[in-house]
Amino acid sequence: MQIFEYNGSALVAMVGKNCFAIASDRRLGVQLQTIATDFQRISKIHDRLFLGLSGLATDAQTLYQRLLFRHKLYQLREERDMKPETFANLVSALLYEKRFGPYFCQPVIAGLGDEDKPFICTMDSIGAKELAKDFVVAGTASESLYGACESMFKEDMEPEELFETVSQALLSSVDRDCLSGWGGHVYVVTPTEVKERILKGRMD
Amino acid sequence: MGDSQYSFSLTTFSPSGKLVQIEHALTAVGSGQTSLGIKAANGVVIATEKKLPSILVDETSVQKIQCLTPNIGVVYSGMGPDFRVLVRKSRKQAEQYHRLYKEPIPVTQLVRETAAVMQEFTQSGGVRPFGVSLLVAGYDDNGPQLYQVDPSGSYFSWKASAMGKNVSNAKTFLEKRFEGQISGKNIEIGIIGTDKKFRVLTPAEIDDYLAEVE
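From first to last, the protein sequence lines are chains A and B.
Number 160 in the UniProt record's numbering belongs to position 160 of the first sequence; there are no gaps in the numbering.
Number 64 in the UniProt record's numbering belongs to position 64 of the second sequence; there are no gaps in the numbering.
Here chain B stands alone, though its shape is the one from the complex (with noise of 0.2 Å):
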């Protein structure tokens, strides 16, 4: 096919219009661990599965939600190490922001500066698209807010969204409120509710919830 003859290089469009690195890295998201989140009323949760390669890793180490600000939170699908480096060049855009306005950065204007970051990486020489999609989740003036950023750059507000593997079957999970297999050691849930402060749960308070489910 023409598009394969065009798949070797970041910038270069294919003759059908895609660029192909794109859509490999969002497939490279797509094998991803499921990751999930709801926007309510009056705040947003975030969640991920956490399947870890063997028992014997130390699951208190892994952190796959993470603070972006004291009222963002993030969660991903994809690559670890790049999301580690996209929440490091986020929280410093972030606190560039409060530098020069001493006010919180608002979520819709990190949610854009991180997707011109990821855009960046499509637009260059030398470098590779991030392999991961992002859940934003926070809380500010304009009340609860979700939103995902897509290896592309281009990012889109959710009232409920799901990215990873089994895409379709997570977007039933909450629904379905699936019993038995999940506890407080295999997924992360992250809140942020009217304090404004975007917190993640504890194991033990991960399985309180989920004996109340029960």
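Only chain A is shown next, with the shape it has when bound in the complex (with noise of 0.2 Å):
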């Protein structure tokens, strides 16, 4: 058994212009057996910052509640929202602290920076940081993603054609992943508004 697999998951994160988007599927499963069709795998960290995560779902809960935390408390600190460069650090430190007894999840971040700058990055298990400047991907499905986004992908893409291109990516992946699918969840990122889409595709 293998422990990255044994809930199922599809993220991915895509670049645009002056905007970003960020998608995962629904399905939380028990190995073969399909437990919830409604899983929420990425969550807002601020209005311009949000999180996916990816593996192990009690890891993703755990972590994502422990960042949540470190958050917070920045916010408190330094009367401030944290930079998406700055959230990956901190992710990326929270993650190698754990090096001999890691947490089982690959995130996927995605913010607004400074001048509206979309940020995009992922990391493995423990830390290792993947900045792109197209598209990230995670999850049991990620193979596929990485395929169909590499086809699909344009520069500058407006929301519209960004939240189009992502939703096709993405169905199509989970498609060939029997862990992931039943669904799907896309967020859509401007400067000025957030949103929130849920896509049917194949229920199984």
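Since the hints were made in silico from the structure, they are not lab data.
Please read all numbers here as calculations on a predicted model, not as lab measurements.
Honestly, I wouldn't trust all of these hints.
Using 27 Å as the maximum straight-line C-alpha spacing, the simulated DSS-like pairs for lysine-lysine come out as follows [said to hold, decoys possible]: (1) Lys89(B) / Lys98(A); (2) Lys165(B) / Lys51(B); (3) Lys197(B) / Lys83(A); (4) Lys92(B) / Lys72(A); (5) Lys200(A) / Lys44(A); (6) Lys117(A) / Lys165(B); (7) Lys98(A) / Lys165(B); (8) Lys17(A) / Lys117(A); (9) Lys200(A) / Lys17(A); (10) Lys195(A) / Lys117(A); (11) Lys51(B) / Lys129(A); (12) Lys83(A) / Lys117(A); (13) Lys89(B) / Lys196(B); (14) Lys50(B) / Lys197(B); (15) Lys133(A) / Lys117(A); (16) Lys89(B) / Lys102(B); (17) Lys102(B) / Lys117(A); (18) Lys129(A) / Lys165(B); (19) Lys83(A) / Lys50(B); (20) Lys197(B) / Lys72(A); (21) Lys44(A) / Lys102(B); (22) Lys92(B) / Lys98(A); (23) Lys98(A) / Lys117(A); (24) Lys102(B) / Lys133(A); (25) Lys50(B) / Lys102(B); (26) Lys159(B) / Lys51(B); (27) Lys72(A) / Lys89(B); (28) Lys196(B) / Lys83(A); (29) Lys89(B) / Lys51(B); (30) Lys197(B) / Lys89(B); (31) Lys83(A) / Lys92(B); (32) Lys83(A) / Lys98(A); (33) Lys92(B) / Lys102(B).
Since each chain sits alone in its own frame, please combine them into the complex, following the hints.
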């Protein structure tokens, strides 16, 4: 039994023109059995910063709670929100603290930084950061997601086109993975608003 | 007086509500060499008197103004060795912040953490308060900032401040542009501007400025 494939997950984040999109599947399983079809994998840290956690669901929940706690304290102390780059460094440090007994999660971080510049990154379960200018993927469907994103991605997409691209990439990839799917959850974030949409895909 | 009966123990309040040891620490500061700082619209300047016990002391080995980070500097009045310990602790805290967030520590955060250390030493067993007051000068995203931190751990933001001996005179010092008796050898000046890099002026530069003043 592979620990990273116990619950099943699919996550993708993509950069557009002054905006970004972050999307996940909605299945929560225990190996072959599906337990829930409305599982939230993406959480908001603040209005311009989103965190998606793939991998073991219990670790994803605990890690999210710890990170939210750290961010709230930061907000109180420094009277400002954390920049996405700063948050990514914090996540990396926290994961490496558990180097020899890690959280079985792969985070995807997406946010708007200074001057509304979109920032995305992913890292492995012990905090090795991977910054990208176009897209990042994580989860059991990651190999399919790499292929789909690579072929569908274009630079400087507007929010609507970005939504279409991310949705198609996600749905086509999870269809090839038995452990993820049951619809999709897409957030498209621009400097002025956050649009949350649910996708209906193959419900299997 | 009732107070003196409580002056032996740092961690016991006197009947008048004071911690007498901290008052004594402030006295130690008040008899230290003068230091002052001024916040301008585009930077901060801190300066201190550098009176050495004898002319035989190698003045280049004495550095009273120190860098805490590339964009934050500090000067003190009071006990030099206590200052060294605080500088060491503050530098470590600034680096720890940077290791966690890969961002330079904001001035307020560093001041707060340094003040917390100083407060710890007023509420622990077997230690005494630090015998220094610090003037912290920095430039970060919130612009130029000047903070004073006292042995009790309280801190204040100033537009201009002085500490140590002759505090009231020192406060008029820069206004009056004191001439003649000061030179590059017996004062130290630290400066930070919009380039966000804190540096200490060389004696030659100080002499140039003094010549300009004349």
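*Proposed proximity, Lys89(B) with Lys197(B) (alpha carbon, max 27 Å)*: Satisfied, since the Cα-Cα distance of roughly 20 Å is no more than 27 Å.
*Does the structure keep Lys159(B) and Lys51(B) at a Cα separation of 27 Å or less?*
holds, 26 Å
*Under the criterion that the straight-line Cα-Cα distance not exceed 27 Å, is the pair Lys17(A), Lys117(A) satisfied?*
With Cα atoms ~9 Å apart, Lys17(A) and Lys117(A) stay inside 27 Å; holds.
*Quick one, are Lys83(A) and Lys50(B) close enough, alpha carbons at most 27 Å?*
violated, 42 Å
*Is Lys197(B) within 27 Å of Lys72(A), Cα to Cα?*
It is violated: about 31 Å lies between the C-alpha atoms, which goes past 27 Å.
*Pair hint outcome, Lys165(B) versus Lys51(B) [Cα-Cα no greater than 27 Å]*: holds, 12 Å
_Distance restraint between Lys89(B) and Lys102(B), which requires alpha-carbon spacing of 27 Å or less_ = It holds: about 19 Å lies between the C-alpha atoms, which stays within 27 Å.
*Hey, Lys133(A) versus Lys117(A), does the alpha-carbon distance stay inside 27 Å?*
holds, 11 Å
_Satisfaction of hint between Lys89(B) and Lys72(A), Cα-Cα up to 27 Å_ = Holds, at about 26 Å.
*Restraint check for Lys197(B) with Lys83(A), where alpha carbons must lie at most 27 Å apart*: holds, 23 Å
_For Lys98(A) and Lys117(A), compute the direct alpha-carbon distance and say whether it is at most 27 Å._
Not OK: Lys98(A) and Lys117(A) at ~31 Å, beyond 27 Å, violated.
*asked:* Can you confirm whether the C-alpha distance between Lys83(A) and Lys92(B) stays at or below 27 Å?
replied: It holds: about 23 Å lies between the C-alpha atoms, which stays within 27 Å.
Going through the hint list in order, the structure does not satisfy hints 6, 7, 11, 18, 19, 20, 23 and 25.
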